[in-house]
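With the hints as your guide, set chain L onto chain F.
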Amino acid sequence: MSAGPRNFRAWFEAYLAAFNRADFDGFGAYYADDVIFHGQAALLHGRDAVLDFYRMVRARLDEQVELVSFVGATGCRRIAAELRTTLLAREDWLDMPTGAMRAGDKRQSVNIVLYDLHEYRFTQVRSARLWPQPGTPQ
Amino acid sequence: MTASERRFRDYMHAFNASDWDALRRFYAADVELVIGNGTTLRGRDAIVDFYRNVKSWTSRTIEILDCFSDGNMLAAELESEFVALIDAPDFPSRPMRRGDRYYINSFALYDFHGSEYRRIRAAVFRREFRPLTGDGSI
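Quick mapping for you: the protein sequence lines, in order, are chains F and L.
Just remember that the numbering used here sits 73 ahead of the position in the first sequence, which is counted from 1.
Just remember that the numbering used here sits 1437 ahead of the position in the second sequence, which is counted from 1.
Next comes chain F alone, as it looks inside the complex (with noise of 0.2 Å):
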């Protein structure tokens, strides 16, 4: 995988779009061995970890990320970035760790998403929501 400060925001949005077409083998490349990631649904250690996580979310509902703001660190060490995700269930997921859903169901979320690289690799994925959410009151 080449990236440069070039085009650094083209590396991540390519990341995006292969978690938002399920590409598990084209955005599994991104993370490293040992990634430390704090979704909002899950603390998980390790790409398989994780992976396993999201085939589990796939089988289960449709994830489409958007993103909103991208901020690249000097030297591709660090990305912000301001996502916007898009949840709409397949089935009824009542256990569903940040909130139950039914089939049909349509949730969407903004958060602030921090990736620590290494050599092109995510280390760590840590994620805040922002508040106040799509659709609730101020």
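FYI, nobody ran anything at the bench for these hints, they're computed from the structure.
A few of these clues could be false.
Said to hold, decoys possible - Facing chain F, according to a computed beta carbon distance under 7 Å, are these residues of chain L, among others:
id, residue
1, G1480
2, A1483
3, F1505
4, D1507
5, M1510
6, F1544
7, R1558
8, A1560
9, V1561
10, F1562
Unchecked claim - Residues from chain F that keep clear of chain L, each with C-beta distances beyond 10 Å, as calculated:
id, residue
11, A83
12, A91
13, N93
14, D121
15, A122
16, R128
17, E139
18, L140
19, T158
20, W166
21, A176
22, G177
23, L203
Stated by the list, open to error - Beyond 12 Å from chain F on every Cβ pair, some chain L residues (computed):
id, residue
24, T1439
25, F1452
26, N1453
27, L1460
28, D1467
29, S1506
30, G1551
31, E1565
32, L1569
33, T1570
Just so you know, even glycine gets a beta-carbon here, dropped at the ideal spot from N, CA and C.
For chain L alone, coordinates are given in the frame of chain F:
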């Protein structure tokens, strides 16, 4: 360190020093700030009044764990420490008693134009509340 990163460190220095006149100069007239609990503040006066009020209840300092900029946006990872100076049952994050400590690890994005911040949003990644124990001294 870029000029925008140096300016951000100056901004946080003004905040930590409670230098309200200096702080005001970092904001555009129509600045919008969304703090971690979703409260939206619009305009320099609303922001400075809010912080002045918070600092009448608590000693608050913000440490920059990291900051980096890209174009007209800056991303920061921040650690805030609040120490309650008085009993503050209406403190925005949670009720606090004199001497209680509250830590917030947050991610923030700053849109700027020239030397002024126009839009700021912050999301809380981790919170830690440490109630005062013992004789009540701070």
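Going through the hints against the structure:
1. Below 7 Å, beta-carbon pairs count as interface contacts, and G1480 (chain L) has none with chain F, the closest being about 16 Å; its hint is therefore violated.
2. About 14 Å separates the beta-carbon of A1483 (chain L) from the nearest beta-carbon of chain F, more than 7 Å, and the hint is not met.
3. This hint holds: F1505 (chain L) has a C-beta 4 Å from the nearest C-beta of chain F, less than the 7 Å allowed.
4. With its C-beta approaching chain F no nearer than about 4 Å, D1507 (chain L) sits inside the 7 Å limit, and its interface hint holds.
5. At a threshold of 7 Å, the smallest CB-CB gap from M1510 (chain L) to chain F is about 5 Å, leaving the interface hint in force.
6. Contact between F1544 (chain L) and chain F, as hinted, is supported at the beta carbon level, the nearest pair being about 4 Å apart and thus within 7 Å.
7. For R1558 (chain L), the shortest C-beta to C-beta distance to chain F is roughly 6 Å, which falls under 7 Å, so the interface hint holds.
8. A cut of 7 Å between beta carbons decides the hint on A1560 (chain L): the least distance to chain F is about 4 Å, and the hint holds.
9. At its closest, the beta carbon of V1561 (chain L) sits 6 Å from a beta carbon of chain F; the interface hint therefore holds under the 7 Å criterion.
10. Taking 7 Å as the C-beta cut-off, the interface hint given for F1562 (chain L) holds, the closest approach to chain F being about 4 Å.
11. Non-interface status of A83 (chain F) relative to chain L is upheld: no Cβ of that chain comes within 10 Å, the nearest being about 13 Å off.
12. Look at A91 (chain F): its CB is around 22 Å from the nearest CB on chain L, clear of 10 Å, so calling it non-interface holds up.
13. Consistency note on N93 (chain F): stated as away from chain L, and its beta-carbon is indeed over 10 Å from all of that chain's, at 22 Å minimum.
14. The claim that D121 (chain F) lies off the interface holds: its Cβ sits roughly 24 Å from the closest Cβ of chain L, which is beyond the 10 Å cut-off.
15. Under the 10 Å C-beta cut-off, the non-interface status given to A122 (chain F) relative to chain L holds; the minimum distance is some 20 Å.
16. With a least beta-carbon separation of about 26 Å from chain L, R128 (chain F) lies farther than 10 Å from that chain, consistent with its non-interface assignment.
17. At the 10 Å boundary, the C-beta of E139 (chain F) stays outside the reach of chain L, the nearest C-beta of that chain being 15 Å off.
18. At roughly 13 Å from the closest C-beta of chain L, the C-beta of L140 (chain F) stays outside 10 Å, upholding its exclusion from the interface.
19. A cut-off of 10 Å between C-beta atoms confirms that T158 (chain F) is not in contact with chain L; the least separation is 13 Å.
20. Distance to chain L confirms W166 (chain F) as a non-interface residue, since its nearest Cβ pair spans about 25 Å, more than 10 Å.
21. Separation of A176 (chain F) from chain L is adequate, the least Cβ-Cβ distance of about 29 Å exceeding the 10 Å criterion.
22. The beta carbon of G177 (chain F) sits about 27 Å from the closest Cβ of chain L, which is more than 10 Å, so the claim that it is off the interface holds.
23. Its beta-carbon lying about 5 Å from the closest one in chain L, L203 (chain F) breaks the requirement of being farther than 10 Å from that chain.
24. With a least CB separation of 8 Å from chain F, T1439 (chain L) falls inside the 12 Å interface cut-off, contrary to its annotation.
25. Listed as a non-interface residue, F1452 (chain L) keeps its Cβ farther than 12 Å from every Cβ of chain F; the least gap is roughly 20 Å.
26. Under the 12 Å C-beta cut-off, the non-interface status given to N1453 (chain L) relative to chain F holds; the minimum distance is some 22 Å.
27. Distance check on L1460 (chain L): its Cβ is at least 22 Å (rounded) from any Cβ of chain F, clearing the 12 Å threshold; non-interface status holds.
28. The Cβ of D1467 (chain L) sits about 17 Å from the closest Cβ of chain F, beyond the 12 Å cut-off, so the non-interface label holds.
29. Not every CB of chain F lies more than 12 Å from the CB of S1506 (chain L), the least distance being 7 Å, so the non-interface label is violated.
30. Interface exclusion of G1551 (chain L) from chain F stands, the closest Cβ pair being 18 Å apart, more than 12 Å.
31. With a least CB separation of 14 Å from chain F, E1565 (chain L) remains clear of the 12 Å interface cut-off, as annotated.
32. Every beta carbon of chain F lies more than 12 Å from that of L1569 (chain L), the smallest distance being close to 27 Å; the non-interface claim holds.
33. Distance check on T1570 (chain L): its Cβ is at least 29 Å (rounded) from any Cβ of chain F, clearing the 12 Å threshold; non-interface status holds.
The structure fails hints 1, 2, 23, 24, 29 (numbered hints given earlier, in ascending order).
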